[in-house]
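Residue numbers (the working numbering), protein chains in the order written: chain U, 808 to 990; chain E, 808 to 990; chain H, 808 to 990.
One should not assume that every hint holds.
Because identical chains share one entry, a pair is satisfied inside a single copy or across any pair of copies.
Unchecked claim - Lysine to any residue pairs mimicking SDA-like chemistry, simulated, CA-CA at most 25 angstroms apart:
hint : residue 1 : residue 2
1    : Lys-813   : Glu-909
2    : Lys-902   : Thr-809
3    : Lys-975   : Glu-847
4    : Lys-975   : Ala-845
Simulated from the structure, these hints should not be mistaken for lab results.
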Amino acid sequence: MTTVEKVRARAESDARTAGCYLNPDKEFLNNLFEGLKANEDRYGYPSCPCRLATGKFELDRDIICPCDYRDPDVVQYGACYCALFVNKDIFEGKKSTEPVPERRPIEKQNRAYGATAVTAIPKQTEPARAQAAKDPAMVQQKLWYCKQCGYVCYREEPPYVCPVCKAKRELFAELVIQAAPRT
Amino acid sequence: MTTVEKVRARAESDARTAGCYLNPDKEFLNNLFEGLKANEDRYGYPSCPCRLATGKFELDRDIICPCDYRDPDVVQYGACYCALFVNKDIFEGKKSTEPVPERRPIEKQNRAYGATAVTAIPKQTEPARAQAAKDPAMVQQKLWYCKQCGYVCYREEPPYVCPVCKAKRELFAELVIQAAPRT
Amino acid sequence: MTTVEKVRARAESDARTAGCYLNPDKEFLNNLFEGLKANEDRYGYPSCPCRLATGKFELDRDIICPCDYRDPDVVQYGACYCALFVNKDIFEGKKSTEPVPERRPIEKQNRAYGATAVTAIPKQTEPARAQAAKDPAMVQQKLWYCKQCGYVCYREEPPYVCPVCKAKRELFAELVIQAAPRT
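Construct the complete structure from the given sequences, taking the supplied hints into account.
Structure (C-alpha cells):
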C-alpha cells in the first residue's frame with residue numbers, strides 16, 4: 808500500500824521535472840491524490856483518477872499518471888485532463904482552468920474497454936500474425952528518437968512532447984539500429 | 808502559425824526541466840519570443856532568434872531553441888548566447904549578464920552557411936562515399952550514452968551536458984549495440 | 808580544477824531537473840560543495856562527499872553525485888544520504904531531515920572497497936570468462952527501458968526512479984534490440 812504523502816511527493820517531483828505545476832487548489836488536489844492512491848493500491852500503478860482503467864498494464868499504460876496526454880494538454884489548455892497539472896499562469900492564479908477535452912484516441916479507448924469484453928473464439932485457420940494484429944493486448948513497440956535533441960525512447964508511438972527539449976511529436980522518427988556484428 | 812503565448816509556455820516549461828530560468832527582463836524576453844515565433848512560422852521550427860538559420864533542418868538542428876550550446880553557456884557564463892535562459896543568480900538579480908561568445912564550432916557554421924552557396928557539380932567518377940563525406944548536409948548520427956547515469960541519445964555528437972544528471976560531454980561514450988539474432 | 812561556484816550551479820540545475828531541492832542550510836550546503844569540489848579535483852568526477860570513493864570510475868559510478876540512491880532516498884526519507892538534496896517540505900522548513908540509512912548494496916560496497924585490496928594472481932588455466940565474472944571491476948551493462956514512458960538507458964541495473972516519469976525500478980525491463988539486417 809502506498810500513502811497519499813508518497814503520491815503527493817511523486818507528483819511534486821514529477822511536475823518540477825516536466826516543467827509544469829500542481830493545481831493550486833489544495834483540497835481539489837488532495838482528492839486527486841486519494842484517487843491516485845486508490846488506483847495504485849488496486850492495480851499496482853497510479854492510473855489517472857479521472858479515467859476508467861482496465862487493470863491490464865498494457866492497455867492502461869497511456870493513462871498512468873503522468874499520462875501520455877498531460878504534456879500536450881498543458882501546452883494547449885494550460886492543464887491536464889484532470890487539472891492535476893497546470894501551467895504557470897494557472898498556478899499563479901492569472902488564468903482559470905477551462906474544460907479539457909479527452910485527447911486519448913478512440914482506438915486506444917476501444918482497445919482498452921473492448922478488451923474487457925467477451926471476444927469470439929478465433930478460427931483455427933487464421934494465421935497467428937493476423938490474429939495478433941486483431942488482439943488488442945498485443946502492442947507493437949519501437950525505438951524512437953527526437954530529431955532535435957536526440958532523446959531515445961521505446962514506445963508504441965513517440966511522446967507528444969519531447970521530455971528533454973519539448974520538441975513536438977512531429978520531430979520524432981523511428982530509430983532503426985544497424986547492429987555491429989556479434990562477437 | 809504558432810503564437811507568442813505558446814512560445815512563452817514552451818520556454819517556461821523547458822527552463823524548468825533543464826534546471827535554468829528565463830531572463831527576468833520581461834520586455835527583453837518578449838522580443839526574443841517574437842523572434843522565436845517568426846522563425847517557427849518561417850522554418851517550421853524555432854531556431855535561435857540571435858543566429859542566422861538556413862531553413863534546412865539538418866544544418867540548423869544545433870541552433871534550434873533550446874540550442875546545443877545553452878547548457879554549457881549557462882554553466883560557464885550564467886546565460887545562453889541570447890540571454891533568453893539564465894542561471895539562478897542572474898534570475899534573482901544577484902548578478903548581471905555578460906557577453907557570451909559564440910560557442911558554435913566554426914565547422915558547423917561553415918557547413919551551414921556554406922551549404923546555402925552554389926556548389927560545383929560532382930565528378931561522375933568520384934565514389935558515392937567520398938562524395939557524402941564532402942556533402943555538408945550529410946550528417947552522421949550515432950548512439951551515445953552517459954557513463955554516469957546511462958542516458959541514451961542519438962545525435963551527431965554527445966550533448967555538452969547530460970540532460971538527466973548534468974555530467975559533462977567527456978562522460979559520454981559511443982554505444983555499440985550487439986544485437987540479438989533476428990527471430 | 809573546478810570551482811565551488813560551478814559545483815553549486817550544477818547542483819542547483821540538477822535539483823531543478825530532478826524535481827527536488829537543495830538543503831536550505833547555506834553553511835551546511837557550502838561544506839558539501841567544498842567536498843564535491845575536492846573529489847572532482849582529486850578523481851576527475853564529483854563523487855559523494857559523504858562516502859569513500861576508490862578513484863576508479865567503474866567502481867564509483869553509482870556514488871557520483873547525483874548518486875543512484877538520491878531519488879529513492881528523497882522519495883522515502885525526504886533527503887539524500889548527505890542531505891544535499893531534499894524534498895519540498897524540508898526545503899520549506901515544514902519538516903526536518905532525519906537520518907538516512909546507507910542504501911548502497913553491500914555487494915557494491917564490497918566490489919568497490921575489495922577492489923582496492925591486493926588480489927591473488929589468477930591461475931592460468933581458468934577461462935577468461937569465469938575470471939571476468941569474479942573481477943569486481945568488470946561491470947556488465949545493458950539497455951533498459953521504462954515500461955511506463957519508454958525512457959531508455961544503458962546501465963548495470965535500471966535506475967531506482969525513472970528520471971522522466973518517476974516510475975519505480977520495477978517498471979523497467981531489459982530492452983533487447985532486434986537489429987535490422989546490416990546494409
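Quick rundown of the hints versus the structure:
no.	hint	verdict
1	Lys-813 to Glu-909	between (27 angstroms within a copy, 20 angstroms between copies)
2	Lys-902 to Thr-809	between (33 angstroms within a copy, 20 angstroms between copies)
3	Lys-975 to Glu-847	between (30 angstroms within a copy, 12 angstroms between copies)
4	Lys-975 to Ala-845	between (33 angstroms within a copy, 17 angstroms between copies)
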